[in-house]
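Enquirer: From just these sequences and the hints, can you work out the full model?
Protein chains: 2
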Amino acid sequence: MKPGALEFRGSTSTPKNGVNRGVSVLDFVLRLVGIIATLASAITMATTYETLPFATRFIRFRAEYNDLPSLTFFVAANSVVCAYLFLSLALSILHIVRSGARGSRIILVLFDTVMLGLLTGGASAAAAIVYLAHKGNSRANWLAICRQFNSFCERVSGSLIGSFVGISVFVLLIILSAVALPRRSSHH
Amino acid sequence: MKPGALEFRGSTSTPKNGVNRGVSVLDFVLRLVGIIATLASAITMATTYETLPFATRFIRFRAEYNDLPSLTFFVAANSVVCAYLFLSLALSILHIVRSGARGSRIILVLFDTVMLGLLTGGASAAAAIVYLAHKGNSRANWLAICRQFNSFCERVSGSLIGSFVGISVFVLLIILSAVALPRRSSHH
Chain A
125 MKPGALEFRG
135 STSTPKNGVN
145 RGVSVLDFVL
155 RLVGIIATLA
165 SAITMATTYE
175 TLPFATRFIR
185 FRAEYNDLPS
195 LTFFVAANSV
205 VCAYLFLSLA
215 LSILHIVRSG
225 ARGSRIILVL
235 FDTVMLGLLT
245 GGASAAAAIV
255 YLAHKGNSRA
265 NWLAICRQFN
275 SFCERVSGSL
285 IGSFVGISVF
295 VLLIILSAVA
305 LPRRSSHH
Chain B
125 MKPGALEFRG
135 STSTPKNGVN
145 RGVSVLDFVL
155 RLVGIIATLA
165 SAITMATTYE
175 TLPFATRFIR
185 FRAEYNDLPS
195 LTFFVAANSV
205 VCAYLFLSLA
215 LSILHIVRSG
225 ARGSRIILVL
235 FDTVMLGLLT
245 GGASAAAAIV
255 YLAHKGNSRA
265 NWLAICRQFN
275 SFCERVSGSL
285 IGSFVGISVF
295 VLLIILSAVA
305 LPRRSSHH
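Heads up: the protein sequence lines correspond to chains A and B, in order.
So in the working numbering the end of the first sequence lands on 312, straight run, no missing numbers.
So in the working numbering the end of the second sequence lands on 312, straight run, no missing numbers.
Among the hints, a few may not be true.
No copy labels: a pair is met if it fits in one copy or bridges any two.
[Unchecked claim] The list that follows gives simulated cross-link-like pairs (lysine to any residue, SDA-like), each with its CA atoms no further than 20 Å apart:
#1 Lys259 x Pro193
#2 Lys259 x Ser281
#3 Lys259 x Gln272
#4 Lys259 x Gly146
#5 Lys259 x Arg222
Keep in mind that the hints were calculated from the coordinates and are not lab data.
Expert: Below is the structure:
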C-alpha cells in the first residue's frame with residue numbers, strides 16, 4: 125500500500141478509507157489462514173486410519189473416519205468451509221481495491237456467520253466423539269476405543285486443532301466486519 | 125412507536141432512524157425468543173432422568189444428563205447463553221431509545237458472535253452424543269442405550285430443539301446488526 129495511492133483514495137472519498145483498506149487486507153490474510161487450517165483439518169481427518177495387527181475370522185479391526193458419522197460430518201464441514209473461504213477471497217480482494225463496497229460486505233458477514241455455525245458444529249460434534257473415544261463412558265457402557273486404536277486417536281485429536289483455528293478466524297472476521305462497517309459513518 | 129416521536133428523532137438526527145428503531149425492536153424481540161428457547165432447553169435437559177424398574181446388587185440403572193459430559197456442557201452452554209441474553213436486553217432497550225448508539229452495538233455483535241459459537245458447540249456436542257445413544261456404533265462396539273432408556277432419550281432429543289432455535293436467533297441477530305450498522309452511513 126503506497127502512500128500515494130492512499131492519498132488518491134482520500135481525495136475522492138472519505139479520509140477513513142486507509143483504515144478500511146487495512147481492515148480489508150487483514151480480512152484477506154485471515155481468510156488465507158482459515159483456508160490452510162480447515163484444509164489441514166479435513167485432510168488429516170480423512171487420511172487417518174489404523175488397522176490392528178490381529179483379526180478374527182469375521183472382523184478386521186480397522187478404524188477410519190467414516191466409521192463414526194460425527195467424524196464424517198467433521199470432514200464435510202471443514203471441506204465446505206474451506207471451499208467457501210477460497211471463493212470468498214475474490215470478494216475480499218474486491219474490498220481491498222474498492223473499499224467503498226457495502227452490499228458485498230453484508231453478504232460476506234451473512235455467509236461468515238452461517239459458516240461459523242457449520243464449522244463450530246462439526247468441530248464440537250467431532251470433539252464430543254473423540255472425547256468419548258479417549259475416556260469412554262462407564263454409565264453407558266461405552267468403552268474407550270483409544271486403548272486399541274492409539275495412533276488413530278492421536279491423529280484425529282490433532283486434526284481438531286485446525287478446526288478451532290478456523291473458528292477463531294471466523295469470530296475475528298465477523299468482529300472485523302462489524303467494526304469496519306460503522307466506522308465509515310462517523311463523519312457526516 | 126408514535127409518529128410524533130419518530131418525527132422528533134428525525135429532526136435532530138438522520139431520517140433513517142425509523143428503520144434503525146424498527147431493527148432495534150426486532151433485536152429485542154429476538155432476544156426474548158432466544159431467552160425462552162435456551163431456558164427451555166437447559167431446564168428440559170437438566171430435569172430429565174430415568175430409572176429402570178430393575179437393578180442388580182451393585183448397579184442401579186439410572187440415566188441423567190450428568191452421566192455424559194457432553195450433555196452437562198449442553199446445560200452449561202444454554203444457561204450461560206440464557207443469562208447473557210437476559211443481560212443484553214438492557215443494551216437492546218438502550219438501542220431502542222437511543223438509536224444513534226454505535227460502540228455498544230459493536231460490543232453486542234462481538235458477544236453475540238462468541239455466544240453463537242458457544243451455543244452451537246454445546247448443541248452439536250449433545251446432538252452427536254444423542255445420535256450415538258439412538259443408533260449406537262457397531263464398529264466401536266458402542267450400544268444404543270436408547271433401547272433401555274427410551275423416555276430419557278426422547279426428552280433429551282426434544283431439548284435440543286430449543287438450542288437450535290437459539291442458534292437461529294443468534295444468526296439473525298448478527299445479520300441484523302450487520303445490516304443496521306452500514307445503513308446509517310448511506311447519507312453523507
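Enquirer: Next, verify each hint and record whether it holds.
Expert: Results for each hint:
1. Lys259 x Pro193: both (19 Å within a copy, 10 Å between copies)
2. Lys259 x Ser281: within (13 Å within a copy, 23 Å between copies)
3. Lys259 x Gln272: within (12 Å within a copy, 22 Å between copies)
4. Lys259 x Gly146: neither (46 Å within a copy, 50 Å between copies)
5. Lys259 x Arg222: neither (52 Å within a copy, 52 Å between copies)
Checked against the numbered hints given earlier, this structure breaks hints 4, 5; the rest are met.
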